[in-house]
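Colleague: Residue-level listing of the chains:
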Amino acid sequence: MIAMPLHKSVAIAAIAFALAAASTLTLNDYFVYVVTIGAIFATLAVAFDVLLGFTGYLSLAHGALYGLGAYACALLTSRYGLSFWVALPLCGALTGAAGALIALLAFRTRGLYFAVLTLGIGLIGHQLFLVLPNLTGGVGGFVGIPGPEQPGWLAVRATTYYALLALTLLLVTFICALLFVRSRLGAECLAVREDLTLAQALGIRVSSARLAAFTFSAVFAGLAGALFASISSFIAPESFTVLGTGFQLVALVVVGGMGTLWGPILGAALLTALPEGLRVAATLSLLAYGVLLLIFIIFAPQGIASLISRTARRIGGGGREP
Amino acid sequence: MLELLPQQLVNGLALGSTYALVALGLTLIFGVLLIPNFAHGEFYMLGAFITYALVAAGLNFWLAMLVSVVCIMAMGGLVDRLVFRPIETAPALSLMISALAASIILQQVATMIWGTEPRTIPAPLTGVIRTPFFAVTQLQLVVMASVAAAFGAVWLVLNRSRLGLAIRATAQNRDAAMLMGISMPQVRFATFAMGAALGAIAGALLGATFPIYPSMGVNPVLKAFVVLVLGGIGSLWGAIFGGLVLGVAEVLVAGYIASELQDIGAFAILVLVLLVRPQGLFGRAQVER
Numbered sequence: 476m477i478a479m480p481l482h483k484s485v486a487i488a489a490i491a492f493a494l495a496a497a498s499t500l501t502l503n504d505y506f507v508y509v510v511t512i513g514a515i516f517a518t519l520a521v522a523f524d525v526l527l528g529f530t531g532y533l534s535l536a537h538g539a540l541y542g543l544g545a546y547a548c549a550l551l552t553s554r555y556g557l558s559f560w561v562a563l564p565l566c567g568a569l570t571g572a573a574g575a576l577i578a579l580l581a582f583r584t585r586g587l588y589f590a591v592l593t594l595g596i597g598l599i600g601h602q603l604f605l606v607l608p609n610l611t612g613g614v615g616g617f618v619g620i621p622g623p624e625q626p627g628w629l630a631v632r633a634t635t636y637y638a639l640l641a642l643t644l645l646l647v648t649f650i651c652a653l654l655f656v657r658s659r660l661g662a663e664c665l666a667v668r669e670d671l672t673l674a675q676a677l678g679i680r681v682s683s684a685r686l687a688a689f690t691f692s693a694v695f696a697g698l699a700g701a702l703f704a705s706i707s708s709f710i711a712p713e714s715f716t717v718l719g720t721g722f723q724l725v726a727l728v729v730v731g732g733m734g735t736l737w738g739p740i741l742g743a744a745l746l747t748a749l750p751e752g753l754r755v756a757a758t759l760s761l762l763a764y765g766v767l768l769l770i771f772i773i774f775a776p777q778g779i780a781s782l783i784s785r786t787a788r789r790i791g792g793g794g795r796e797p
Numbered sequence: 013m014l015e016l017l018p019q020q021l022v023n024g025l026a027l028g029s030t031y032a033l034v035a036l037g038l039t040l041i042f043g044v045l046l047i048p049n050f051a052h053g054e055f056y057m058l059g060a061f062i063t064y065a066l067v068a069a070g071l072n073f074w075l076a077m078l079v080s081v082v083c084i085m086a087m088g089g090l091v092d093r094l095v096f097r098p099i100e101t102a103p104a105l106s107l108m109i110s111a112l113a114a115s116i117i118l119q120q121v122a123t124m125i126w127g128t129e130p131r132t133i134p135a136p137l138t139g140v141i142r143t144p145f146f147a148v149t150q151l152q153l154v155v156m157a158s159v160a161a162a163f164g165a166v167w168l169v170l171n172r173s174r175l176g177l178a179i180r181a182t183a184q185n186r187d188a189a190m191l192m193g194i195s196m197p198q199v200r201f202a203t204f205a206m207g208a209a210l211g212a213i214a215g216a217l218l219g220a221t222f223p224i225y226p227s228m229g230v231n232p233v234l235k236a237f238v239v240l241v242l243g244g245i246g247s248l249w250g251a252i253f254g255g256l257v258l259g260v261a262e263v264l265v266a267g268y269i270a271s272e273l274q275d276i277g278a279f280a281i282l283v284l285v286l287l288v289r290p291q292g293l294f295g296r297a298q299v300e301r
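Same order as they appear, the protein sequences are chains A and B.
Counting in our numbering, the first sequence runs from 476 upward without gaps.
Counting in our numbering, the second sequence runs from 13 upward without gaps.
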């Protein structure tokens with residue numbers, strides 16, 4: 476695959492961002508909310524893809540990391556009265572630290588054992604949200620989280636402001652992920668994905684590369700969680716389950732296209748925003764997730780992204796596949 | 013506190029035998045075909061629901077359970093055919109993801125049919141046997157007996173039949189087995205049918221004790237993964253041993269520390285064991301493709 480020059484990718488992302496941001500000025504509150512949730516899930520998916528798509532490790536602990544960011548933000552802003560803008564980086568740092576710790580433990584294993592170990596950690600995380608009611612509000616959830624303060628000069632509706640924040644976080648995450656995967660560390664992650672033994676033999680420091688990828692994805696999952704908590708003002712453990720959010724992330728990334736950064740955004744847009752926008756029942760949308768995931772993993776494991784780029788190449792090149 | 017210990021141990025063994033029963037099916041499928049079948053919990057769940065539907069239609073519990081086991085065996089074969097056979101040669105990551113997808117699909121289909129409201133299967137046995145030290149329900153005894161029976165049956169099939177020979181050969185070396193003329197579709201079907209049957213038996217028996225609902229399979233299958241890690245993936249004895257250890261450990265944590273820590277305790281054991289021995293307590297060398 477020949478990569479697009481960096482400035483071109485960033486420019487396309489910025490244009491897409493501007494279009495999405497402009498649309499939130501005109502849409503009604505409900506659709507603006509759909510865009511917001513879509514952008515948060517896209518952020519999660521891009522962060523998750525750095526680990527799953529570029530390093531080749533299936534983590535099921537990310538639902539809990541997302542939750543950790545959310546609960547940390549809730550506690551910091553409502554109990555300790557911190558401003559959202561102070562709490563946000565703290566949440567990112569906290570989940571990054573937690574992610575690094577989990578990575579240090581989990582990378583002692585690989586393959587299925589890695590998935591099972593992170594699954595266990597994800598479940599412990601979810602259980603902790605339930606059994607620590609003093610901190611998290613337990614089953615009932617955490618109520619009354621203050622929203623991000625809106626600066627006076629930005630005269631838009633609160634919902635639009637939230638959508639703009641979510642889209643900005645997505646843009647920042649996308650650019651950071653782009654820089655990460657194009658860096659030396661990113662190349663080392665790809666080597667780990669392709670052949671762990673070969674990578675080790677080539678003198679690549681495998682453990683630091685995958686630790687970096689896991690920590691990176693944890694930081695941005697935490698940021699997404701913090702923003703989610705702040706703009707929803709209410710969070711409950713059921714938003715951070717392994718088989719809910721954890722599974723959803725896998726579906727978004729695989730359907731969108733593992734190992735491309737724009738694929739997961741596409742996946743999130745299609746799978747999160749669309750069912751929400753069309754108001755499909757939750758059961759049906761989960762069923763559709765399952766069916767789509769199965770169809771894609773069997774027939775097009777590289778996801779929508781590869782279908783699109785293949786079609787584009789066929790049209791552009793006017794000829795056969797190389 | 014200590015006078016409750018014999019009772020706690022009995023409860024732990026009863027709970028552990030259900031974990032063992034679920035883990036036995038999971039370990040069989042993984043040991044032979046290297047498929048991490050996350051959808052195993054849904055075999056368990058559907059086993060319970062089909063039994064429930066048949067009992068509600070007026071069938072005797074044991075007959076209903078038998079019919080349900082046969083249905084789930086067929087479904088096991090079908091799941092393999094639709095979900096895992098098409099990506100036989102794909103990396104382990106794809107197998108895991110498609111297993112997750114199958115699990116979600118089956119859960120949602122069950123939700124559409126039966127709704128999320130918990131239901132109960134009327135217990136076929138209600139007697140309690142009391143001894144000076146502990147009490148045990150007849151149903152708990154049946155569960156423990158069926159673990160022993162199921163283990164015996166699987167052991168006999170694997171070690172005393174031609175099919176079992178083929179299955180063991182496949183587990184050892186799939187390519188060599190195929191070169192020997194072993195029919196892979198047959199081995200796959202047999203393995204999935206046996207594994208699914210074990211799950212369905214566990215589901216039907218547990219459904220007579222606990223409420224049943226479409227996501228009821230999630231926790232047992234995760235516990236079964238803990239058992240697998242404890243006992244070593246692919247080892248039948250390990251599944252039994254791991255199941256019993258986990259059951260007793262959970263009951264002791266719930267009884268002596270705090271009941272809401274029961275699940276955390278189980279998953280903490282999982283994490284600890286994997287940290288100390290990344291290949292599981294009795295695991296063979298890393299199973300990876």
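Calculated directly from the structure, the hints in this document are not laboratory data.
Watch out, some of these pointers could steer you wrong.
As the list claims (entries may be wrong) - Residues on chain A that point at chain B, a partial pick, calculated with CB under 7 Å:
{"no.": "1", "residue": "582"}
{"no.": "2", "residue": "599"}
{"no.": "3", "residue": "618"}
{"no.": "4", "residue": "622"}
{"no.": "5", "residue": "719"}
{"no.": "6", "residue": "729"}
What the hints assert, rightly or not - Simulated DEER-style distance windows between Cβ atoms:
{"no.": "7", "chain 1": "A", "residue 1": "774", "chain 2": "B", "residue 2": "187", "range": "51 to 57 Å"}
{"no.": "8", "chain 1": "A", "residue 1": "774", "chain 2": "B", "residue 2": "174", "range": "52 to 58 Å"}
{"no.": "9", "chain 1": "A", "residue 1": "671", "chain 2": "B", "residue 2": "79", "range": "43 to 49 Å"}
{"no.": "10", "chain 1": "A", "residue 1": "628", "chain 2": "B", "residue 2": "289", "range": "58 to 64 Å"}
{"no.": "11", "chain 1": "A", "residue 1": "558", "chain 2": "B", "residue 2": "273", "range": "32 to 38 Å"}
{"no.": "12", "chain 1": "B", "residue 1": "271", "chain 2": "A", "residue 2": "671", "range": "39 to 45 Å"}
{"no.": "13", "chain 1": "B", "residue 1": "187", "chain 2": "A", "residue 2": "669", "range": "20 to 26 Å"}
{"no.": "14", "chain 1": "B", "residue 1": "18", "chain 2": "A", "residue 2": "505", "range": "34 to 40 Å"}
{"no.": "15", "chain 1": "A", "residue 1": "657", "chain 2": "B", "residue 2": "249", "range": "28 to 34 Å"}
{"no.": "16", "chain 1": "B", "residue 1": "70", "chain 2": "A", "residue 2": "614", "range": "33 to 39 Å"}
The model shown is predicted, which means the values in this text are computed figures rather than measured ones.
We treat Cβ as the ideally placed atom computed from N, Cα and C, and that holds for glycine.
Colleague: Under the constraints set out in the numbered hints, which ones does this structure not fulfil?
Modeller: 1, 3, 4, 5, 7, 8, 14, 15
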